[in-house]
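**Student:** Given chain A's structure and the hints, the job is docking chain B onto it.
Protein sequence lines, in the order shown, are assigned to chains A and B.
All residue numbers for the first sequence refer to my numbering, where the first residue is 1 and numbers rise by one.
All residue numbers for the second sequence refer to my numbering, where the first residue is 1 and numbers rise by one.
Source of the hints: derived by calculation from the structure; they are not laboratory data.
Some hints here could point you the wrong way.
Pairs involving identical chains hold if they fit within one copy or between any two copies, as the list cannot separate such chains.
[What the hints assert, rightly or not] Straight-line Cα separation of at most 16 Å, EDC-like style, residue types lysine to aspartate or glutamate; simulated pairs:
| hint | residue 1 | residue 2 |
| --- | --- | --- |
| 1 | K114 | E30 |
| 2 | K159 | D242 |
| 3 | K71 | D198 |
| 4 | K44 | E108 |
| 5 | K168 | D285 |
| 6 | K120 | D253 |
| 7 | K121 | D37 |
Every value quoted in this text rests on a predicted model; they were computed, and no experiment measured them.
There are 2 protein chains.
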Amino acid sequence: MTMASSELNNRTINLGHGSGGIMTRDLLDEVIFSTFDNPLLNQKHDGAIIKFDTQIAVSTDSFVVSPIFFKGGNIGELAVNGTVNDVAMCGAIPKYLSLAFIVEEGLEMEQFIKIVKSVKKAADKSGVQIITGDTKVVERGKGDKIFINTTGFGAVHPKAQIAAGNIKVGDKIIVNGNIAQHGMAIMSEREGLEFESDIKSDTTNVNHLVLDLLDTFGEEIHLFRDPTRGGMASVLSEIAMDIEMGVKIFENDMPIEKQVAAACEILGLDPLYVANEGVFISIVDEKIADEVLTLMRNHAKGINAACVGHITADHPTKVVMQSTIGGTRMVSPLIGEQLPRIC
Amino acid sequence: MTMASSELNNRTINLGHGSGGIMTRDLLDEVIFSTFDNPLLNQKHDGAIIKFDTQIAVSTDSFVVSPIFFKGGNIGELAVNGTVNDVAMCGAIPKYLSLAFIVEEGLEMEQFIKIVKSVKKAADKSGVQIITGDTKVVERGKGDKIFINTTGFGAVHPKAQIAAGNIKVGDKIIVNGNIAQHGMAIMSEREGLEFESDIKSDTTNVNHLVLDLLDTFGEEIHLFRDPTRGGMASVLSEIAMDIEMGVKIFENDMPIEKQVAAACEILGLDPLYVANEGVFISIVDEKIADEVLTLMRNHAKGINAACVGHITADHPTKVVMQSTIGGTRMVSPLIGEQLPRIC
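For reference, chain A alone in the conformation it holds in the complex (with noise of 0.2 Å):
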């Protein structure tokens, strides 16, 4: 009953991969089962059965980036990326994710076997496995192409103090890489807004760079948060309101790679609300925002780390940034929606 890949390869999803009969089993035996070999996943059962020992974080993502192939990675692997990398801003070890396909009637085949590859590789490179997961189809129009959600689950970093409430004025905002490369990738890519570049996505995980961290610092880094939607406009906002303390941000220190700096400029938008993917900001005790940003810049993921801002008790729930040319102004969050889909 089974098919040969080569065979899968020349067909599309129909509705009846999403039957929960022979075509289902036929389509998680040949493509799913088969990559993500591995026993907790093999019980084929309802569910994984899993094993903590510390507390758990649990984080949720439903990914519906559009297009789901772009420049520097494709949905698959930004569904595990995500969600990798917020658990891991729970201050935890990422292990397990579960997987969620959302397919629309007609994608082909072939490009539904590359998003399971992509997944398979960016969760090795995690270091997590896929454990339980689901396929529905929906008709054609009624879905675009493919939705992923994935939920993760991480070990809680024993040294881990992870909470807005531990941010005190005087902290410091360490970015751990240039800004705004994801939005500005797919945006390269959508119709109407095609433009000349090279600009890739940033979508990576960056959990080995957290373990690093909390190994290292524990408890005296008070905050994780990756500004993907709204970009770290918003993120940087949400911050300010929740600790009802201000942040002050330098435009100066803001690492940005050149040619999406002038992406941003011809296109009228300003990178601070353009969608992160591989960027995280760490808010730590001062005294060890050196050697943070050390540790950071002798890792891959953190080679242009810096060091962006502070915590201040000045415009408490507002974030200022300070000018290149020395000039202060607000930084609001994001309104409206500048480019749907980003994620």
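**Tutor:** For chain B alone, coordinates are given in the frame of chain A:
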């Protein structure tokens, strides 16, 4: 910045609600956090922190049912009950759910709020908390009103020994209630398939009944499985293939409401292939079968419980049904798709 609920009620979901900016925050504050209000969710971090001292059962499902409101329920409660039941099928006590929405631009806010409230009500009935979530919005025509992913976590019952490997010849197959209701309820709503009926979806949580069964019978229960997509025929076929034994069932003993059976006949459908939601099968040691039936029939979710068959050494990997008039026939798993987007 936040809107009064009455104002929200007059609006529709738009792309800004998925931006990660202020509109997202407002929607979350006004609709999500206010509804699910609990300390784990209120961390408002990228994820939630939980702790289990037991093994954990994890299950994920995306719900794409169409229409989103149907006789007997809506997609919100379906998304809770479906995953709660999948966790229970692992022999576990469901505790927490993640909740991720993919909303199509233009969904009426009133409908969204109604669905969110149904999620809350169903979660309360099941005794689970919503601990983390995600909301994405896709453009009009790129989704279909709303899709929901839930991932559930439960504490594996200390006495549970749920594994297909424990099934042996002679084990009895017990269902807790009438079959084929959910599928026929959805069909009765669908354009082109409408017929006069009061058939209601059987969507409900069965976790409390499962807990009673595990408390009472422990390892003498060998398998739980819920025959959702693909119906009884598909799930029994899967089991027969997995255990490499035969499954014998008796048409006469299969509990089904008269009007459901009649509707199936009118539409030329075999109820064994029609989706269920609040139905599960238990494969149990034959010596406890009568007690299991008694316990079930005394429970709100098992009033119509019936023993429908047994495991046999004959016809390994196959399901055979003895019909009402005495003949026998092979029951194959569903091959294509009977009715897309049933759950």
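**Student:** Now look at each hint and say whether the structure bears it out.
**Tutor:** For each hint, the structure was consulted:
no., hint, result
1, K114 to E30, "within (13 Å within a copy, 40 Å between copies)"
2, K159 to D242, "neither (23 Å within a copy, 44 Å between copies)"
3, K71 to D198, "within (8 Å within a copy, 53 Å between copies)"
4, K44 to E108, "neither (25 Å within a copy, 38 Å between copies)"
5, K168 to D285, "within (8 Å within a copy, 61 Å between copies)"
6, K120 to D253, "neither (36 Å within a copy, 45 Å between copies)"
7, K121 to D37, "within (13 Å within a copy, 37 Å between copies)"
Consistency with the previously given hints fails for numbers 2, 4 and 6, ordered from lowest to highest.
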